[in-house]
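Chains A and B are the protein sequences, given in the same order.
Each residue of the first sequence is one higher than the last, beginning at 1 in the numbering used here.
Each residue of the second sequence is one higher than the last, beginning at 10001 in the numbering used here.
Wrong hints could be hidden among the right ones.
In silico lysine-lysine, DSS-like type, Cα no more than 27 Å apart, as pairs [to be verified]:
(1) B:Lys-10496 <-> B:Lys-10326
(2) B:Lys-10560 <-> A:Lys-27
(3) A:Lys-344 <-> A:Lys-485
(4) A:Lys-485 <-> B:Lys-10768
(5) A:Lys-39 <-> B:Lys-10560
(6) A:Lys-500 <-> B:Lys-10768
(7) B:Lys-10814 <-> A:Lys-479
(8) B:Lys-10833 <-> A:Lys-27
(9) B:Lys-10250 <-> A:Lys-275
(10) B:Lys-10496 <-> A:Lys-27
(11) A:Lys-316 <-> A:Lys-485
(12) A:Lys-485 <-> B:Lys-10116
(13) B:Lys-10710 <-> B:Lys-10579
(14) A:Lys-503 <-> B:Lys-10697
(15) B:Lys-10452 <-> B:Lys-10413
(16) A:Lys-344 <-> B:Lys-10579
(17) A:Lys-479 <-> B:Lys-10671
(18) A:Lys-503 <-> B:Lys-10271
(19) A:Lys-500 <-> B:Lys-10671
(20) A:Lys-34 <-> B:Lys-10137
(21) A:Lys-479 <-> B:Lys-10819
(22) A:Lys-479 <-> B:Lys-10833
(23) A:Lys-485 <-> B:Lys-10882
(24) B:Lys-10833 <-> A:Lys-500
(25) A:Lys-39 <-> B:Lys-10671
(26) A:Lys-225 <-> A:Lys-39
(27) A:Lys-485 <-> B:Lys-10111
(28) A:Lys-275 <-> B:Lys-10755
(29) B:Lys-10137 <-> B:Lys-10506
(30) B:Lys-10137 <-> B:Lys-10068
(31) A:Lys-275 <-> B:Lys-10506
(32) B:Lys-10116 <-> B:Lys-10833
(33) A:Lys-225 <-> A:Lys-500
(34) B:Lys-10710 <-> A:Lys-500
(35) B:Lys-10271 <-> B:Lys-10882
(36) B:Lys-10068 <-> A:Lys-34
(37) A:Lys-503 <-> B:Lys-10882
(38) B:Lys-10137 <-> A:Lys-134
No wet-lab data here; the hints were simulated from the structure.
Owing to the predicted nature of the structure, the values given are computational and were not obtained by experimental measurement.
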Amino acid sequence: MKKIIIIMLALTTAVLYSCKKDLLDQKNPNTLTKQQFWKTEDDAQNGVNSIYAMFYQNGVWNRWIYFRLDLTSDEGFSNSPWIELGDWTRFQYVNYNFWEGNVNTWRDTYKAVFRCNQVLANVPNIQFADAVKKEKILAQAKFLRAFYYFYAAVLWENVPLVLQPSEPADLPQQNTVTEVFAQVVKDLNEAAAVLPDQWDNANVGRPTKGAAMALLGKTYMQQRKWAEAKTAFDYLVTGAGKGYYDLVDYKENFRATQENNKESVFEIQFSDANKTPEGDAPNSNMGSNRSQFFAPRSIGWSDGQARYWMVSEFKKEKTRDGKIDSRLRYSLFYPGLEADFGDKTYGRSWQWNADEAWFKKYSRDYYRNDEDYYNQVNNRVIRYADVLLMYAEALNELGQTSDAYPYVNRVRNRANMADLATAYPAIGNNKDLFRERLKTERMLELCGESVRWADLKRWGDLDTQQGVDKVAQRDPDFKNFIVGKSIRLPLPQLEVENNKNLKQNPGY
Amino acid sequence: MKNYLLQRQEAVAGIGILFRRKLLPVLGFTLLLLFFCVPGKAQNTTTITGKVMDQNGNPLPGAIVKLKNTTIGTMTGAEGNYSIQPLEPKGTLVFSMIGYTTQEIDISGRKTIDVKLTEESNALNEIVVVGYGTQLKKDLTGAISVVKASDVQKKQATTVAEALQGQASGIKVRGGGQPGSEAQIQIRGLKNLMDSNPLYVIDGLITSANRDFNPNDIESIQILKDASAAAIYGSRAASGVIIITTKKGKEGPLQIDFSGKTSVQTIPRYKLAGTEEFSKLNFMAYDNANVTRQKLDLSTNTDWQDAAFRTGNVQDYTASFSGGGKSSSFLVSAGYFGNKGTVISTGFDRYSLRVNTQGTKGIFSIGENLAITNSKRDEMSGNPIIDVIRLLPTIPVYNPANPGGYGYGDEAKARTFGTNPVAIADLEDRTNENQRIRGNVWAELKFLPELKYRLNLGYESSNDHYTYLRKRGNWTLNQPLDPAIANENRANFSTKLIEHTLTFNKELGKHTLNVIAGQSYQRDDYAQIWGTKRNLLVNPDGGYYNVLDQGNEGQLGGFKNRSDIISYFGRLEYNYADKYLVNGVMRRDGNSRFGPGYKWSNFPSVSAAWRISKEDFFKSSWINDLKLRASYGTLGSSNTDYYDYIGVINTFSTIAMGTDQHIEPGAIQVKLANDNLHWERLTQQNYGFDVSFLNNKLSVSSDYFIATTKDVLFGFPIALTTGNDGGNPRVNGVTLQNKGFEFSAAYREDSTPFKYSATANLTLLRNKVLDFGYNRNNTYVGNTITEVGQPIGMWYVLQTDGLFQNLDEVNNYKNAAGKVIQPGAKPGDIRFKDNDGDGQITNSDKVVVGSPWPKYELGLNLSGSYKGFELNMDWFGSFGAKVFNGPRSVMDRFDDNSNYRAGIQPWTPENPNTNVPRAYYGSTLNSRGDSDRWLENGSFFRLKYISLSYKVPESVVKKIGFQNARVTLSGQNLITFTKYTGLDPEFSNGSVFEKGYDFGAFPNLRMYSLGLQFGF
């Protein structure tokens, strides 16, 4: 018995001794804490890289933003069997918390902003061997923050400007669309001052000075500040950056074969290396879902398709050698595609309705017969043709219509279309006629490239019932459009309810 | 602990036996002598004779028979006979015997009086395990419910929690149904927002009684409900504590017991339209919307419920072998539980083995409890409860034209993205297997009779293996064709527990003192590795080689977590003359899950009871025992993930960059964190009484409590503008209050040949948010609002006000300013209330329309037995909740294609007397999910369990060498009274803010079981 007592006492002493209080200081064995981070140049580089990873997330450029920018506009619509998804492309916003239509895009926009803000707040405190490298990292973050706020302003307009790293309790104040654009301009100016004209091969895909100037120009255009817009575009069109840009073989703007070519002003780098769903987990998808959602029925989800009026519009004017505008061939899948150009649709002859069309740009029909969630084709968010047409638009608005012609011609000629003045002599120097024609020119060149919604807003076509009625002739979804209300999305209702500083957009 | 319990039991029993067998005859004889010695007057006396027996008619020797208020008395002999001579043939005879209820009988001139004494209801002398010790039930000062093991084991349930429903007041159980599913259990309401389960303590090991645990091994269950009862578990106990003691061997030769149950299960079903009815309605919806009808395949009429559901069954067998000598005992129990699910391709198997042994030598005792289980669950894919209504009857189950060969939506013929449940069940295969060892070894030294030291070493380890196989093929329209994918993870969870306790126990006259002091250390570890491969190698004989060696595009990962808890605790119990009982507990906990400066906290509690019935002034012939109780205490909770208090960097993002599109890493903080996370503290007051009447036949217990949880740890919804992702960060944000009233009454009649008992448990509960995190006043989640001063998750929706019957009604529906409120509406559309009067229907018209919380819940257990037959019934009811019928919001809509409820009558000009709006394809206005159209009365009253059992008479049993044998026929969930139109009003939802939202929850099953028990 004594032995037992001794053994037990010894055991007790041993376990009591092992039970020290520092056992409670358990460190996370899985990853860095935020205190451990933001110390080295690599941390800064990885930090800014993570902002680019936001392009791959559902709410923004991986998937849903195309529903907002392409399908809501008069270029596209949804005939999805998922009625609520379709409702959000035709101004029937019932549940403002609809994740796919609204909340996801809002959340991912601010998720990207949070990343930018972390870089902008922390990188300045890091020692760099090369101060320029540091400035370039900060400039990228500013460009990307401006990029996300630009689209937030286009979609919801009156969004809060969050410019510091977030804390959980933050309930930011609301800002007006003017204030948001002002911040975008500020960030872009600061970014443009630092960003290089061109990156080395390893860094192609990061914004250049030209990208910043082009987005700056776009931002001014959206506010109808034509002179400032022209000045910004000058860098790319007539100024120091002119030599870096040109127009290329039209179809190479929408394929993975010649990415980051001379026409590319800013391009999202997609890759199919990770075939895992989107998100922040290891090996998350770096591709785009767009083609899986826009591909015709029985090939993709077919949640979005093109309005047929565009096919008709393409066919109104022949090329200089009397052929069909070849841009149609690379822009849309439509019933006559095989007859007109000998192209099948994903290897199939037309099996859809005679008045249907689907978006072809960024699809992989050029080399495969199906789609999936991992489309690697880069998205040319801003390409040079767009810049040229905006430049022409700015000149026209400034009353310099005759000066605008060469830029439109440059775009038209690439498609082997006659000079504008030749094809449409009636326009002359009439600003209004020129603007009207430019609207069509932009569609012919840029349809399905997510610029149309901002275009319609900028042109004021949605500011009057008369204007809306005209758009509704092309896209009957606009019959649901309510002037003064539908021009902007409702803010997610949960955000309005949970943040007393936010007011729902008017009319909602 | 168990050893301690046994000692106490033996001690109590021992005293009884000693009294009955030895002391009583001696005492009786002495008394008798005294009577004889007393010189009495020679008088004419009456002689009364009779026999004293127990309930079963066995003679009771040594019972005392006394003439009331006199010294005349006698004692029964060996055959229970007595003879007494009162002076007159009147007065009252008092029959008493220890362990039996005293009976008084009026002589009323009789000469022969036979008496059957009922064994004293031993409920009050029951031993209750209270955590690091035991108490007699009568000495309890806190709120503790004791549930009989037989009441748990009689039901066919996968987990203990599932079987506990309706067995005690103050507990709420929801869930179950799916093979291997684990029911949610709430003790005294929602104390925090994490919906955390109570703490399970099995044989002194802090663990969880999940599906790995065989309920047939249970010896006793106690539920510690108030702060003082649970306080000894301090920081672990805020959600209540369930203490389970498993069976032990008893002294005697080898005892073999077998219990087997086999059951069939059926799932409740919807009444859905067939092709004929469906097509009529679908065409109507398209016609009304002026959309070309789809080319429905009218030759197909699929009953998707037939395709996805089947009759399930359960096999549940346990055999145990136990025995022991004077100083040691053992029990070995082996079990198998197999459940073929009511949904195709689901199932659950559990193999369990338990070995409990213990021994004593002198002042030293040692013992162990060890359970080894293997459980494997074939998991459900998709949600067939919703899928069966989303698919149209015109879609065939199989369609060879589709990849994989299954039928689903079709653009021309059946426009729906509904999932084919048969396809997904086949094409996605998930299994989850756990191999668990759970047990403890303890040793005890009894230095002095009053003082003992105990060392308890606990260990639990679970090896988890999850597999996922995605076969090639599709289950829904337009789905991309994925390659075959295999995913597998293996993980290990382990808990190590070291506890020291010193117990001091002393009785000094009327003072009884019990003091416990202890220290414990627990360490939890979890680690996982996972891997996945795509494009698996096809096996020409069918299927795939789904090992991770095959396939390509492999990925792998892994992580590990650890947490440590150090605790010190002490308890003092003081009892004066069984009248005044005081109990004080102090616990100090430190937890690694909190940041520096926030790790430690103290949790004190105190409780007291006053047994009025023991007071001299208390004189009542019909109240046997009356005790008042009061307690006040603080408990804690560390509802956080492992390293929540510090923001981490997500290093997983990768980006493509450069002309070569090379991959570069990214790193950034994705999820926000609050670094000042600290203990959540629950303060609870409890006032109660226990009373027993009528010779302890009727016992009543009631409690009123106020529980306030401060600094509730919760992932409180934060603004999306923060850019946070990966879940809302935990914050000590909310103050919650639960006020409740519990009442339970039991009546038991054992003294008649027809024995019966009835127990009722009533629970009233109201929760209220007192204060919100981040200085907010409310939060909105889904269709609910939670506001300060109100219960959690009140329904906040648009109000409907019938249907427009004609255009005049539409045009006349104006606000005060004369604005037509729903100008676009047509006859047959829903009229919504314009509550803010702005002349349009917007989110600001939403109002609070009801509570998802029941006003009260009632459990009713009835049993009766006659000879060998026994009938048992458990009823459970929940009343006053308003619930959201999610499946109906799918069935009753016409805007999107899904199947319709059979017999639904949408509004038409010919049939205007209906509450279903007109059928209209393509517009969500009438079917919007945020209106009160989908809210229903969620009250129900249900026969949870009924059984008829027959105990084979011993004479028969013994002939075949058995000791006992019982056959039981039982049913579960056979009858339900409810107005709820969904599958099951007794559903569960994991979101605390949407407790009343039936999203298509897996329903409780109807079950018929045949059970057989025998021992030899």
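> When you check the alpha-carbon spacing of Lys-10137 of chain B and Lys-10068 of chain B, does it fall within 27 Å?
Replying inline: Distance ~31 Å between Lys-10137 of chain B and Lys-10068 of chain B Cα, so the pair is violated.
> For the pair supplied as a hint, Lys-10068 of chain B and Lys-34 of chain A, is the alpha-carbon distance within the 27 Å limit?
Replying inline: violated (83 Å)
>> Need the status of pair Lys-344 of chain A, Lys-10579 of chain B: alpha-carbon distance at most 27 Å?
In response: Not OK: Lys-344 of chain A and Lys-10579 of chain B at ~94 Å, beyond 27 Å, violated.
> Given the hint that Lys-485 of chain A pairs with Lys-10111 of chain B, does the C-alpha gap stay at or below 27 Å?
Replying inline: violated (101 Å)
> Are the Cα atoms of Lys-39 of chain A and Lys-10560 of chain B separated by 27 Å or less?
Replying inline: Holds, at roughly 25 Å.
> Does the alpha-carbon distance linking Lys-10452 of chain B and Lys-10413 of chain B stay inside the 27 Å limit?
Replying inline: violated (79 Å)
>> Between the alpha carbons of Lys-500 of chain A and Lys-10671 of chain B, is the straight-line distance 27 Å or under?
In response: Holds, at roughly 23 Å.
>> Tell me if the straight-line CA distance from Lys-10710 of chain B to Lys-500 of chain A falls inside 27 Å.
In response: Holds. Lys-10710 of chain B to Lys-500 of chain A sits at ~24 Å (cutoff 27 Å).
> Between Lys-479 of chain A and Lys-10833 of chain B, does the CA-CA distance stay at or below 27 Å?
Replying inline: Between Lys-479 of chain A and Lys-10833 of chain B the Cα gap is close to 25 Å, so the pair holds against 27 Å.
>> For a C-alpha distance cap of 27 Å, please report whether Lys-316 of chain A and Lys-485 of chain A respect it.
In response: Given pair Lys-316 of chain A, Lys-485 of chain A is violated - Cα atoms ~34 Å apart, limit 27 Å.
>> Next pair to validate is Lys-10116 of chain B with Lys-10833 of chain B; report whether the Cα-Cα distance is within 27 Å.
In response: Violated, at roughly 70 Å.
> Is the hinted pair Lys-39 of chain A and Lys-10671 of chain B satisfied, with a Cα-Cα distance of at most 27 Å?
Replying inline: Status holds; Cα separation ~20 Å.
Hint violations for this structure: numbers 1, 3, 4, 8, 9, 11, 12, 13, 14, 15, 16, 17, 18, 20, 23, 26, 27, 28, 30, 31, 32, 33, 36, 37, 38, all remaining hints satisfied.
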